[in-house]
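> One letter stands for each residue in the lines below.
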Amino acid sequence: MKLLTHNMLTSHVKGITKGYPLLIKATEVKVNEVAFNPQFVSRMIPKLEWHALVQAADELGHRQDLPGDLVPNYEENEEFLKKVHRVLLEVEVIEGCLQCPESGREFPISRGIPNMLLNEDEV
Amino acid sequence: MSFSAGDGPAEPDATITVIVGATVPTGFEHTAAEEVSEKIGVEARISKDRGRIYFPITTDKLSQVHHLRSVDNLFVVVEEYDHYQFKDSKEETLQELQQLAAKLPWTNALEVWKLNRTLKKKKGHRKVTNGTRGKPGKETVDLAAADSEQQEPPQPSSAAEAQTQAESTPDMETSKQESEEAAPEEAAPEEAAPEEAAPEEAAPEAKVIKFRVTCNRAGDKHSFSSNEAARDFGGAVQEFFQWKADMTKFDIEVLLNIHNEEVVIGIALTEESLHRRNISHFGPTTLRSTLCYGMLRLCKPQAADIILDPMCGTGAIPLEGAIEFHNSFYIAGDNNDMAVNRTVNNICHIQKRKAEKSSASGLPIDTVQWDLCNLPMRSSSVDIIITDMPFGKRMGSRKKNWDLYPSCLREMARVCRPGSGKAVVLTQDKKCFSKAISRMGGLWRKLLTVWVNVGGLHAGVYLLKRTGAVFGQTPEDVHESLGTVHAQQEKTDNREPSQSTSGV
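So the sequences go chain by chain: Z and V. The first sequence: position 35 = 35 (the numbering used here), numbered continuously. The second sequence: position 459 = 582 (the numbering used here), numbered continuously.
If we strip away everything but chain Z, and leave its shape as in the complex, we get (with noise of 0.2 Å):
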């Protein structure tokens, strides 16, 4: 799982208001180098909840050091979307879960795939 895809995801049990972000409690974690595309960052970026992001590297141990808060001028500053790029989709989590922050609930993460499958009772 990119932390990209995690930016996208939430809780959605029944009941629960804030299921965004979930934590992330990972066990393993690998890099994998993506080509890098300026374009594809700087554009992404007005998509993301940013602080989620921040956030969610930061609980990887892989935040190095990426602002709590947006820089301006962003699309232009190559060096800054290199370390977003690497952020958002170089680091993977591959064993691991999910964490509701509302309630705990937790979904695991198992070959890098998220388990957001809901039992009978939180649909």
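Don't read these hints as lab results, they were simulated from the structure. A hint or two may mislead.
List of simulated lysine-lysine pairs, BS3-like, C-alpha gap at most 27 Å [claimed, not checked]:
#: 1; chain 1: V; residue 1: 475; chain 2: Z; residue 2: 83
#: 2; chain 1: V; residue 1: 367; chain 2: Z; residue 2: 83
#: 3; chain 1: V; residue 1: 245; chain 2: Z; residue 2: 30
#: 4; chain 1: Z; residue 1: 82; chain 2: V; residue 2: 477
#: 5; chain 1: V; residue 1: 367; chain 2: V; residue 2: 245
#: 6; chain 1: V; residue 1: 480; chain 2: Z; residue 2: 82
Not everything, but these chain Z residues come out facing chain V in the computed CB check (under 10 Å) [as the list claims (entries may be wrong)]:
#: 7; residue: 10
#: 8; residue: 115
#: 9; residue: 117
The structure presented is a predicted model; accordingly, all values stated were derived computationally and were not measured. Where is the CB? At the ideal position from N, CA and C, for every residue including glycine.
With the hints as your guide, set chain V onto chain Z.
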């Protein structure tokens, strides 16, 4: 210029222009023509025989045809007849076909076939296995070797392929016949050798070229069957070239395509259909990559688009996207254990292949296990939803679809970005889908429909636009409003899907 290696090429650098034919998923002929125009820079002609396009190409650009993603099979045209006048009797017709063999302009097509062969050897992973004489200039010797360049392991594909090929409409038949039954007595004597014959084959150590004829015939006015045409035409070809007929281990596949009055003779350039190129781990309903490509082109993925496939199966669609439209990000999801695992396996397979060429082997794709009626995604976070919805016949059931489709469409509308979002949905259950869409006029608008053929089943690819309405506030959510929406849909629902064939 003779098709023999002894002489050596007359003008090795001379480029010739030939017409190449390509079979594409029916319904996506225009998409394929667009791709040809983009990547090769020539204009393609769409054949009346559905699922085929033709375009001219110079031999120096031949390798580019293998980069086309919308094409299932490729062949070089030997000759085309738009209005072939068949004789009245079967006997006369078949005799004429036999006589045709010696009169056709084989030279250029065979040159292209040869050139194509060397192109494939260069990029092939497999080595030529049987020992060849390897004398310089005795190129024909090598050709007999079964050069089977594989894109991916063929075993799983045979089951799936059989399904595609088994279907045929009543007035259409395909026969993979060659002239073995009617083969003339062996060792035909040297006749006054026609220019195109290969006299070198008479040499004792030379290996003979093996060939087969595949005939596709469609039309109700023909006096003969495809079997008969293949057999007789094949017999004449064999006699003319002194090649050996072999059904399974052939070097050259001659195509005889007859569609009413249109007759096209060609030579195949692809051994194995390109359509399953990405998938190494198949599932029961894996879509061919060329169809995936066609669907992706329809929705025109932009840079940084978030593209979801909520029922990904083995991941064919998002994987094709991650490879070919790689400036977007793909999330493939399914509720089934096997499906998500196969998807990950397929992704890994491609990444390994990529890793052989570059260190940046990662693909912009992720896999999640989820229930599509309860997507664990933030609302309005997705730009494009693209998926193959379960057909009643191959997966799921008609009854289940009545309930599934509306809930599915609602959840898809929730996660899709209002105003700019799009969806491309493939389904065979057109009635159910149309009904479901008609009740969602506040959330989805049907932009266009492409009628396609998937494994012999007629299906529709629907391009939908997400309206600007915020989810939860449209009339449908308050109460079912059927009135005006139904009237709008009448027109589009009445279109009849046309008969189509499923490629060569």
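> Hint by hint, which ones does this structure get wrong, listed from lowest number up?
2, 3
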